[in-house]
Amino acid sequence: MSSGYDFEVIERAAPYLFREGMTFTLTLTGLAMLGGVIFGTLLAMMRLSRFPLLGLPAGLYVNLMRSVPLVLVIFWFYFLVPYIGAWIIGASQPVQVGAFLSCVITFTLFEAAYYCEIMRAGIQSIPRGQVAAGQALGLNYWQTMGKIVLPQAFRNMTPVLLTQTIILFQDTSLVYVISVTDFLGAAAKIANRDYRLVEMYTFAAAVYFVTSLSLSYIVKRLQAKMAIIR
Amino acid sequence: MKYDWQWSVFFQMAADGSGTWLHYLVIGLVWSLATALAAWVLALSIGSVVGTLRTIPVPWVVRLGNGYVEIFRNIPLLVQMFLWFFVLPEFLPQDLGDAIKQMPPPWGSYVPAVLCLGMYTSVRVAEQVRAGIQSLPRGQTMAGTALGLTLPQAYRYVLLPMAFRIVMPPLTSEFLNIIKNSSVALTIGLLELTGRARAMQEFTFKVFEAFSAATVLYLLINLVIVMLMRIVERKLRVPGFIGSTTQVTAGH
Chain A
1 MSSGYDFEVI ERAAPYLFRE GMTFTLTLTG LAMLGGVIFG TLLAMMRLSR
51 FPLLGLPAGL YVNLMRSVPL VLVIFWFYFL VPYIGAWIIG ASQPVQVGAF
101 LSCVITFTLF EAAYYCEIMR AGIQSIPRGQ VAAGQALGLN YWQTMGKIVL
151 PQAFRNMTPV LLTQTIILFQ DTSLVYVISV TDFLGAAAKI ANRDYRLVEM
201 YTFAAAVYFV TSLSLSYIVK RLQAKMAIIR
Chain B
1 MKYDWQWSVF FQMAADGSGT WLHYLVIGLV WSLATALAAW VLALSIGSVV
51 GTLRTIPVPW VVRLGNGYVE IFRNIPLLVQ MFLWFFVLPE FLPQDLGDAI
101 KQMPPPWGSY VPAVLCLGMY TSVRVAEQVR AGIQSLPRGQ TMAGTALGLT
151 LPQAYRYVLL PMAFRIVMPP LTSEFLNIIK NSSVALTIGL LELTGRARAM
201 QEFTFKVFEA FSAATVLYLL INLVIVMLMR IVERKLRVPG FIGSTTQVTA
251 GH
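Same order as they appear, the protein sequences are chains A and B.
Going by this note's numbering, the first sequence runs without a break in its numbering and finishes at 230.
Going by this note's numbering, the second sequence runs without a break in its numbering and finishes at 252.
These aren't lab readings, by the way, just hints derived from the structure by calculation.
The model shown is predicted, which means the values in this text are computed figures rather than measured ones.
Not one of these hints is a red herring.
With beta-carbon atoms standing in for the labels, derived distance ranges:
{"no.": "1", "chain 1": "A", "residue 1": "TYR5", "chain 2": "B", "residue 2": "LEU151", "range": "42 to 50 Å"}
{"no.": "2", "chain 1": "B", "residue 1": "TRP7", "chain 2": "A", "residue 2": "LYS220", "range": "48 to 56 Å"}
{"no.": "3", "chain 1": "B", "residue 1": "LEU147", "chain 2": "A", "residue 2": "TRP142", "range": "57 to 65 Å"}
{"no.": "4", "chain 1": "B", "residue 1": "ILE56", "chain 2": "A", "residue 2": "ILE88", "range": "54 to 62 Å"}
{"no.": "5", "chain 1": "A", "residue 1": "LEU53", "chain 2": "B", "residue 2": "VAL224", "range": "26 to 34 Å"}
{"no.": "6", "chain 1": "A", "residue 1": "TRP142", "chain 2": "B", "residue 2": "TRP5", "range": "34 to 42 Å"}
{"no.": "7", "chain 1": "A", "residue 1": "ARG12", "chain 2": "B", "residue 2": "ARG138", "range": "51 to 59 Å"}
{"no.": "8", "chain 1": "A", "residue 1": "ALA91", "chain 2": "B", "residue 2": "PHE203", "range": "24 to 32 Å"}
{"no.": "9", "chain 1": "A", "residue 1": "ILE218", "chain 2": "B", "residue 2": "VAL224", "range": "36 to 44 Å"}
{"no.": "10", "chain 1": "B", "residue 1": "LEU147", "chain 2": "A", "residue 2": "THR158", "range": "40 to 48 Å"}
{"no.": "11", "chain 1": "B", "residue 1": "SER135", "chain 2": "A", "residue 2": "PRO52", "range": "30 to 38 Å"}
{"no.": "12", "chain 1": "B", "residue 1": "ARG138", "chain 2": "A", "residue 2": "ALA224", "range": "16 to 24 Å"}
{"no.": "13", "chain 1": "A", "residue 1": "GLN93", "chain 2": "B", "residue 2": "VAL41", "range": "47 to 55 Å"}
{"no.": "14", "chain 1": "B", "residue 1": "PHE203", "chain 2": "A", "residue 2": "LEU26", "range": "31 to 39 Å"}
Just a sample of chain B residues kept apart from chain A, beta carbon distances all over 12 Å, derived:
{"no.": "15", "residue": "GLN102"}
{"no.": "16", "residue": "PRO106"}
{"no.": "17", "residue": "ARG230"}
Don't be surprised by glycine CBs; every beta carbon is placed ideally from N, CA and C.
Pulled out of the complex, with its shape left as it was, chain B reads as follows (with noise of 0.2 Å):
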């Protein structure tokens, strides 16, 4: 059984006309990175706000945040990308739910794929910045409050400065995370890397080399921002803090 590689295909013109196959793979590769980091943006935000309010000492704000967690959690990220993308236009005002539907392509599912991501890697980042609070010696909040530091002066000057650079190294590997995830866009017509590994396979039938250059892609780019990552990490890290225990939890 041999398979006939051919590796020439990337220099021939793609389907699309805009340039080579190399070049409509690289174009993917830039909607892949662009839809994550809009993503990373927003999960970073809403996750930091979640992930602190649920340390607080109010039990229904905790209770609120939790529940936002285990819906995004407990969700398959393809099923909430179809929510996203079929189900929540219906359920908006009739002329917002068109304008939605109506936006031209590739915002009409970049938008959605946007949210969706974001929204589903927000808890992932609650969960990573509620674990770098309650890491934290229970002191800290004491002292502070004892200094004559309100709750949330406690929290501005002692316990975030502290927990940000604490969860850096696991929110590396959840922003690895948004891009990987950000392949399941494909399913609601983005035309990111894998989406457009998919397309030039079905036009050119060179399978194995249309996946192939996808996975060298993804290679490269993860390589790039572990190293990235590596120097602040290193910039940022807190004596005796990190490194010293990382907790396995599961993940994908």
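Isolated chain A, as found in the complex (with noise of 0.2 Å):
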């Protein structure tokens, strides 16, 4: 290293990195998270379902997504948003999405693919016996669903889905590659300006690194006191 390590330079960059970075990234994060679960939900209720009308399609749309790379699907939805959103309203012209409401449709969509596996996996967590009861009580599918069975699958898999949460967290950063300035973007972006790598990409490392190390240890806990009261 020429010039040594420059803590300075993080200081002044900070403010910016976390008020338009961490920002972008957490709500990105959450958005998506709120978004792919529900999703997700729906798609392992098509997967498990007698129809396979609607098995087939979810079972298929799973697959594809987790067959491909992120990256890939990044690039795909970045072009591809535009024409749906055309073909929805009618224009004749692609519309202009921006970069924000892009990057939270492909992130839901991709990580549905995700949480359905996860929610699949907890729906049949649930002895049969408790759907039967449900049947025999007048329920329908979905008084079932709701009142049964999906509280339960919910419960079992929260560690799961946190855990899946912590790597959709990580996974934002890949949002570099359309040039989307969340926190990695940020620190890139001075990285690049200051020519200050070094000391950009380290510090972004530690802030990753003690988000989802702090985030970990959380769902440990979680994890440990909800396996006593089972």
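Hints given; two lone chains; assemble the complex.
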């Protein structure tokens, strides 16, 4: 290193990194988790349904998403979303969709495939007798699912769902490939502007490390707590 | 809204003049596989050692192993890629760092990409190996040592042969992951499959043709590996062990 490690660069960049970058990263993570869990649960219900017309497309979708790299999916949706938007509102030109919305859609749809597999295992972990009992009481499918199966499935799968969210949090850094200013994107911008790659990238690594490690520690404690009750 | 599909673009000459665009993408697939395979060798060797060490009854070794795993698991792959590519050469001695930076393309990005992917995947392998060893009944180690085996011998002849056969299925999915993750190497300039699809899209403006082709190639390679590994897994299956319960884990 020619000029030594410069902590001042980090200090000066930190407000920008957290205000612009981290806000984007966390909002994207939160929205994608919410959308991904909802869509993923629906996919899981489709995969487990008796009707092949529902199960087959859901299975295809999940397997497709799980066999292509996230980077490729990000590129796909970055170009595809404007066309889909135009198709929905019937415009003749691709609609301008902001980078943020494009990212939210991408990560929601991509992570849904992973959340789906978790929820599928969660639903399957509920004894069949409970569904039968629900039906015997006269509950319909949505009531059985909503009041009996899903609450327990969510509860059983909370640690895995949260671990998947930590992975999602790390994966959002890949929006770098479409030049979006997330936390890493912001760090990269400063790094290239001031030619301080070493400082910015080690700092980014440290922040991601501390955040993910503390989150996984919380998940572990939660897991231990829930394991005792069950 | 209509998109003008032009599949004939694949038979046009690629921008680098080496052949058609189709050829250009297939070369990309070869680079993806070359990166993934080299990284897999690294991941498997480091991962097996670290995973095994994390189960031995020596607390400080276990703690060291845990630390290693936490570091590589809690930093995003892309950030790790940047650390290997931009940051590491700066911390090495001057001439070694310069030598790394001056490696001719594509080696200048291939070597960091392989190291990064290898280390990143090694902790996942380590986790699987550790889980595999710990899934064995404790009585096996005890029986081994009771028969007069030393601890290394118990590992060598009793635990590891079983553990490796048990972790075959999860390792297969890790191998599929490493191929997918090799796409992240495009950020440090390695022209693997996704990177080439992106380059083709930039040159020809045929966005969806390029990405469709890349998607199909990824699907094909996934299919081939799943089929091959299914045969291997069937050969190595321990009766009564595999397929009984598959644990759900988070992943990507």
